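Visitor: Below are the chains, spelled out letter by letter.
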Amino acid sequence: MGNVTLSPATPKGAAFSDGKFARGLAAAGAGLLGGCEGRQAVLAAASPDGEMIARLGLWMFVSAAFILVVTLGLLAVALTLARGREARPLSRRGSCVLVISGGVLSPVAAIVALSISGVAIGDQTEGAGETRLTVEVQAKRWWWAFHYLDADGREIAVTANELHLPAGERTRLILTSDNVIHSFWVPNLQGKTDMIPGQRNVLFAEPSAPGRWRGQCAEFCGLQHALMGVEVVAEPRPAFDRWLARQAGPARVTEGPGLAAFMSQGCGECHALRGTPARGRDGPDLTHLAGRARIAAATLPNSRGALGGWITDTHRVKPGALMPASTPDPRELSDLLDLLEALE
Amino acid sequence: MSRAAVLEGTGEALHPAGTRADELAAIERSWASPPGFLGWFTHVNHSNIGRRFVLTSFVFFLLAGILGLLIRLQLALPLAEVLDAESYNQVMTVHGTAMMFLFAIPAMEGIAIAIVPLMVGARDMAFPRLNAFGYYVYLIGGSVFFGSLFLGLAPGAGWFSYVPLAGPRFAPGYGVDIWTTMITFIEVSALTAAVELIVTILKLRAPGMSLDRMPIFVWAVLVMAFMILFAMPAVIVASSLLMMDRLIDTQFFVAEAGGSPLLWQHLFWFFGHPEVYIILVPALGMVTTVIVTFTRREVVGYNALVLAIVGIGMISFGLWVHHMYTTGLPFMGRSFFMAASSMIAIPSGVQVFCWIATLWGARIRMAAPMLWVLAFFAVFIAGGLTGVMVASVPFDRQVHDSYFIVAHFHYVLMGGAVFPLMAGVTYWFPKFTGRLLSERLGRWSVATVFAGFNLAFFPMHILGLQGMPRRIYTYLPEMGWGDLNLVSTSGSLLLAAGFAISLWNVARSLARGAPAGDDPWGAGTLEWATASPPLNSNFPEQPVVLGRNPVWDWARSGHRPIVGGLSITRRETMVTTLLDARPQSVQVLPGPTPWPFVSALVASASFFGLIFTPWAFVAGFFAAFLSFLAWFWPRKPWRED
Chain A
1 MGNVTLSPAT PKGAAFSDGK FARGLAAAGA GLLGGCEGRQ AVLAAASPDG EMIARLGLWM
61 FVSAAFILVV TLGLLAVALT LARGREARPL SRRGSCVLVI SGGVLSPVAA IVALSISGVA
121 IGDQTEGAGE TRLTVEVQAK RWWWAFHYLD ADGREIAVTA NELHLPAGER TRLILTSDNV
181 IHSFWVPNLQ GKTDMIPGQR NVLFAEPSAP GRWRGQCAEF CGLQHALMGV EVVAEPRPAF
241 DRWLARQAGP ARVTEGPGLA AFMSQGCGEC HALRGTPARG RDGPDLTHLA GRARIAAATL
301 PNSRGALGGW ITDTHRVKPG ALMPASTPDP RELSDLLDLL EALE
Chain B
345 MSRAAVLEGT GEALHPAGTR ADELAAIERS WASPPGFLGW FTHVNHSNIG RRFVLTSFVF
405 FLLAGILGLL IRLQLALPLA EVLDAESYNQ VMTVHGTAMM FLFAIPAMEG IAIAIVPLMV
465 GARDMAFPRL NAFGYYVYLI GGSVFFGSLF LGLAPGAGWF SYVPLAGPRF APGYGVDIWT
525 TMITFIEVSA LTAAVELIVT ILKLRAPGMS LDRMPIFVWA VLVMAFMILF AMPAVIVASS
585 LLMMDRLIDT QFFVAEAGGS PLLWQHLFWF FGHPEVYIIL VPALGMVTTV IVTFTRREVV
645 GYNALVLAIV GIGMISFGLW VHHMYTTGLP FMGRSFFMAA SSMIAIPSGV QVFCWIATLW
705 GARIRMAAPM LWVLAFFAVF IAGGLTGVMV ASVPFDRQVH DSYFIVAHFH YVLMGGAVFP
765 LMAGVTYWFP KFTGRLLSER LGRWSVATVF AGFNLAFFPM HILGLQGMPR RIYTYLPEMG
825 WGDLNLVSTS GSLLLAAGFA ISLWNVARSL ARGAPAGDDP WGAGTLEWAT ASPPLNSNFP
885 EQPVVLGRNP VWDWARSGHR PIVGGLSITR RETMVTTLLD ARPQSVQVLP GPTPWPFVSA
945 LVASASFFGL IFTPWAFVAG FFAAFLSFLA WFWPRKPWRE D
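Protein chains in written order, with this note's numbering: chain A, 1 to 344; chain B, 345 to 985.
In short, the hints are calculated from the structure, not lab data. None of these values were measured; they are calculated from a predicted model. Glycine is no exception: its CB is placed at the ideal position from the N, C-alpha and C atoms. One or more hints might be untrue.
Residues from chain A shown here face chain B by an in silico Cβ test under 10 Å; the list is partial [stated by the list, open to error]:
1) A64
2) L75
3) P89
4) V108
5) I111
6) L114
7) S117
8) I181
9) L203
10) F220
11) L223
12) A226
13) G320
One side only, chain B facing chain A, incomplete, derived with CB under 8 Å [as the list claims (entries may be wrong)]:
14) F675
15) C698
16) A701
17) L703
18) Y817
Full structure from sequences and hints, please.
Guide: Here you go:
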């Protein structure tokens with residue numbers, strides 16, 4: 001992954017702390033990832049949940065490889081025994097031992113191990129633990145809305161496509177959709193959970209340390225399923241609190257030629273800039289757009305060029321996207337981009 | 345009690361010495377299929393219908409395989425533009441649907457229809473006309489479904505058609521309608537084949553073939569047929585409900601109206617998971633068949649194998665929720681399905697080790713079918729092990745709907761079903777064409793397919809762990825998935841080349857293959873006790889079975905008991921008791937008739953009409969009723985004239 005500006009804060013494999021073997025496995029896992037920085041990777045875990053699952057996965061992988069080698073080894077022995085010798089069938093007793101030990105006892109042992117580990121780890125990774133913050137994540141076609149809620153369920157702030165979380169804390173994510181089924185998946189932090197119309201699913205995210213990761217919709221949701229990405233940022237609590245306070249406030253620009261262009265191009269019908277007449281709710285809230293690292297659901301960098309391309313050539317970037325491409329004249333476009341870049 | 349009697353015949357030749365040449369000619373005339381183009385639509389003999397099923401399914405395999413290559417080409421590089429998003433979704437949907445519904449199940453059914461009556465020593469299946477009907481339904485339904493792709497009208501909601509994405513609000517247009525109607529329709533064909541196979545296996549076995557002498561492959565087909573019987577209604581119900589949601593605004597799956605999107609998933613996977621084993625179980629039966637023949641040994645653990653097959657069939661109905669671990673169902677419930685899912689490892693393990701025990705120290709004829717079986721071992725066990733991994737709820741929540749799963753199920757379905765299917769086709773090819781395949785080309789094909797397959801699908805495990813989700817038409821360069829995808833794509837080209845070698849082998853052998861003779865492999869089951877290709881009547885005189893491998897028994901004992909007294913001028917086959925296969929009565933089977941074809945045509949027209957108007961159901965109902973009336977009009981087949 002070549003994006004220098006967005007390098008992860010967590011080095012690969014750092015998650016595996018206890019035990020030499022686990023460290024070895026982690027190194028092997030990171031090796032498997034082929035030098036990828038692992039901003040969206042199961043084995044580069046950055047949370048207690050992710051670590052547990054990654055370790056479980058590696059253990060299961062090692063056991064499976066062992067079973068595969070032993071079974072195929074037995075097969076190879078079976079095939080070569082008659083070479084240069086008289087063909088002799090396995091005795092009845094030998095067959096019984098082979099079939100019962102290989103076909104019954106070892107699978108039973110594997111099932112018991114798998115079920116116990118699965119229940120134990122499942123309990124932990126899906127357990128609520130202690131949470132201070134609740135975020136309602138709404139899946140849209142094809143982007144994400146984040147509604148930060150206080151203890152009473154009242155909305156504190158709304159943002160889109162970049163989820164900020166306090167590091168070292170467990171946060172409750174309520175997952176909803178009012179359209180098709182999506183699935184929220186940030187592999188470094190947690191397994192995925194689907195977002196199903198008519199349901200409120202819950203997921204817990206607990207980044208161990210500050211960092212930045214990428215996630216992606218994991219349930220096929222139509223034309224732009226492929227590029228429905230999400231950025232997740234973990235910050236220390238004080239930084240997070242400052243960020244949340246800023247998100248709760250109105251836009252920094254509430255008048256001027258940029259806003260006029262925004263309204264005349266119809267952007268305000270779908271996008272909200274809080275504190276201005278733009279109150280649309282169908283598209284991402286852009287009140288603090290400039291604070292986000294990426295645009296178009298974690299698909300393009302948040303640069304002036306990318307913004308311009310996205311606004312005017314939307315469907316070349318994302319065929320089927322619901323946002324209509326706009327055709328502002330150069331003056332208007334420049335004003336518009338000035339506005340968007342100023343929305344800190 | 346039957347008019348026919350069990351006679352003791354002697355003679356080493358497989359064609360009974362007791363039958364005179366003119367009698368043989370008369371029997372063959374009674375069982376003949378009319379020649380010519382129009383005659384083709386009246387055929388009912390199981391070997392013709394079975395061959396058509398297999399041939400048609402392989403045409404769909406080829407077409408769906410080409411779609412797979414298109415998918416791989418699009419994903420070879422980040423932001424490639426081989427397919428746009430809409431075409432990619434259509435290609436992906438049709439690839440999955442066609443591989444499952446138009447290739448895998450019909451291919452297994454086709455082989456079963458072609459082989460099982462021969463294997464159990466029957467002269468045809470229990471309901472030959474229903475058999476023909478099922479084929480035309482499949483042919484027409486499959487062609488319409490696949491054809492929609494060429495018109496750009498194909499569904500794009502995935503082979504699983506999750507609602508609401510496949511509902512009327514998010515999938516306007518005809519695509520999903522074509523999916524729902526044609527899937528419902530094609531499943532009718534699967535049900536007819538299932539009924540047919542069950543009755544044939546349970547009632548038409550040759551005298552003496554008690555259940556414990558039935559070849560393992562026949563057991564596997566029996567279990568498959570029962571699974572079809574229980575699983576298919578779920579998908580027929582599901583797709584009919586979706587059809588109604590789309591057609592007449594019922595709201596079964598609409599959350600805002602009190603419906604449930606999860607209901608679809610339950611119904612679909614209640615079918616969808618057994619479906620995998622419907623494909624797998626007969627394939628495992630083929631593996632046993634090939635191992636028995638190529639080691640020239642009785643299989644070790646016959647009872648254990650039968651129990652394992654039945655066990656897989658039963659357990660497979662209790663696993664569907666493992667496709668829904670991420671849908672927010674209560675953890676307690678999912679834990680139950682976690683244990684149940686991993687339980688499938690027991691019957692699978694028993695089978696694998698029974699095979700190893702059979703192979704232990706045997707002198708094995710390493711011909712192409714056996715090589716396919718060896719390729720099966722490596723790939724299937726690997727796929728089974730990743731299957732156990734994904735049965736674990738927490739691990740599955742990471743890899744679910746990622747490329748890890750794509751890798752896993754291609755290992756299981758290609759390794760577990762397609763490789764044995766290739767073994768089976770290579771094995772039975774001489775029986776059905778009378779010609780041998782080239783061994784040399786066969787070896788090259790196995791080797792190329794094996795290498796190409798692993799190159800194409802192994803990297804996908806890693807891609808899944810690197811966070812690559814399924815069903816994406818493209819990805820960004822900075823995701824770092826490009827290299828492994830390129831490897832995978834080159835592997836898929838090699839894989840395609842491997843199958844092309846087999847295709848060439850078949851074409852070449854049909855044109856100038858060496859004559860096969862009746863029993864080129866020296867096998868022990870009854871399909872090898874008739875000519876290649878089989879006689880019209882299968883067996884001019886039905887055999888009597890005294891062991892699990894009748895042909896070997898005959899060679900050992902030097903005598904061959906047969907059934908005597910069946911008519912030579914009409915189509916008769918023995919009916920025997922369910923458990924012990926004692927003679928019970930004689931079944932008179934119908935001859936060539938065009939009515940199944942007409943009924944299939946009428947039924948498909950009404951299903952096709954459903955895409956456009958609900959009134960097609962009313963019209964189609966009565967039209968189909970009339971065609972069935974003509975089909976079943978009493979014609980006194982028992983009249984002596």
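Visitor: Each of the hints needs a verdict: does it hold here or not?
Guide: Hint-by-hint comparison with the structure:
With a least beta-carbon distance of about 4 Å to chain B, the hint placing A:A64 at the interface is held under the 10 Å criterion. The closest approach between the C-beta of A:L75 and any C-beta of chain B is roughly 6 Å, which is under the 10 Å cut-off, so the hint is satisfied. The closest approach between the C-beta of A:P89 and any C-beta of chain B is roughly 6 Å, which is under the 10 Å cut-off, so the hint is satisfied. With a cut of 10 Å, the hint placing A:V108 at the interface with chain B holds, because the nearest CB-to-CB distance is about 7 Å.
With its C-beta approaching chain B no nearer than about 4 Å, A:I111 sits inside the 10 Å limit, and its interface hint holds. With its C-beta approaching chain B no nearer than about 5 Å, A:L114 sits inside the 10 Å limit, and its interface hint holds. For the restraint placing A:S117 at the interface with chain B, the shortest Cβ-Cβ distance is roughly 7 Å, inside the 10 Å limit, so the hint holds. Given the 10 Å rule on beta carbons, the hint for A:I181 holds: about 6 Å separates it from the nearest Cβ of chain B.
Taking 10 Å as the C-beta contact cut-off toward chain B, the hint placing A:L203 at the interface holds, the least distance being around 9 Å. Given the 10 Å rule on beta carbons, the hint for A:F220 holds: about 4 Å separates it from the nearest Cβ of chain B. The interface hint given for A:L223 holds, since its Cβ lies 5 Å from the closest Cβ of chain B, which is under the 10 Å cut-off. For A:A226, the interface hint holds, since its Cβ comes within 10 Å of a Cβ in chain B; the closest pair sits about 4 Å apart.
Interface restraint check: A:G320 against chain B, minimum CB-CB distance 6 Å, threshold 10 Å, status holds. Taken as an interface hint, B:F675 checks out: its beta carbon lies about 6 Å from the nearest beta carbon of chain A, inside 8 Å. Look at B:C698: its Cβ gets to within about 6 Å of chain A, closer than 8 Å, so that hint holds up. With its C-beta approaching chain A no nearer than about 4 Å, B:A701 sits inside the 8 Å limit, and its interface hint holds.
The restraint placing B:L703 at the interface with chain A holds, with a minimum CB-CB distance near 4 Å, inside the 8 Å limit. Hint on B:Y817 holds. Least Cβ distance to chain A is approximately 5 Å, under the 8 Å limit.
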